[in-house]
Amino acid sequence: FDAGAASLPRDQCALCGQVKKGSHLKTIVTDGGKKMKAIRSNGKTYLYDPDKGQPLCDVWLDINHLHQLHPERVAYPTQKPLALLRRLISAHCPPGGRVLDLFAGSGTTLVAGVSLDRIVSGVDCNPDALALMQRRLAAQGAVPALFSEVPHE
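With the first letter of the sequence shown counted as 1, position 42 gets the number 42 in the working numbering; the numbers rise by one all the way through.
All clues given are correct.
Restricting the straight-line Cα-Cα distance to at most 20 Å, the calculated cross-link-like pairs of lysine to any residue (SDA-like) are: (1) LYS26 / ASN42; (2) LYS80 / LEU61; (3) LYS37 / LEU56; (4) LYS35 / ASP49; (5) LYS34 / THR45; (6) LYS80 / CYS93; (7) LYS80 / HIS65; (8) LYS52 / ARG86; (9) LYS52 / THR30; (10) LYS26 / ASP51; (11) LYS80 / GLN140.
Label pairs and their in silico Cβ distance ranges: (12) GLN140 / ALA91: 16 to 22 Å; (13) VAL59 / ASN126: 26 to 32 Å; (14) LEU88 / ASN42: 35 to 41 Å; (15) ASN42 / HIS70: 46 to 52 Å; (16) PRO94 / GLN68: 32 to 38 Å; (17) GLU72 / ASP128: 14 to 20 Å; (18) LYS52 / ASN126: 40 to 46 Å; (19) TYR46 / CYS125: 47 to 53 Å; (20) CYS57 / PRO94: 20 to 26 Å.
No wet-lab data here; the hints were simulated from the structure.
Beta carbons: idealized from backbone N, C-alpha and C, even for Gly.
Generate coordinates for the entire structure from the input sequences, incorporating the hints supplied.
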């Protein structure tokens, strides 16, 4: 898990996104010459690396839903925002890693994975979804290997 891929700057509000002016944390320089933020509590000093940010909370207000006229929209009913999938993939899959989406739908997970240099695989039983995924991946410069044979009873 890469917490840095799913974090906000330490001085940014997790709920509204506003940058806080000032801070109760003091800036110190460590023996190694790195600037750190410090706070003293109960006789102990806690250090924070300002470059690492703070973990996100459970509610991500910085990623909006896709409204009907959003330029990212591809006319698929359950399409997710690309920024959402990029954040999830960045946090949980290393560069060069594999991403598998077993209900790939519009292919947003695959597009996000390709844009982040991951190896992607997607599965869907809807032929229209497979065609849409193929078009979206081709637009990203990826060469999709499409297997559209679905066994029927």
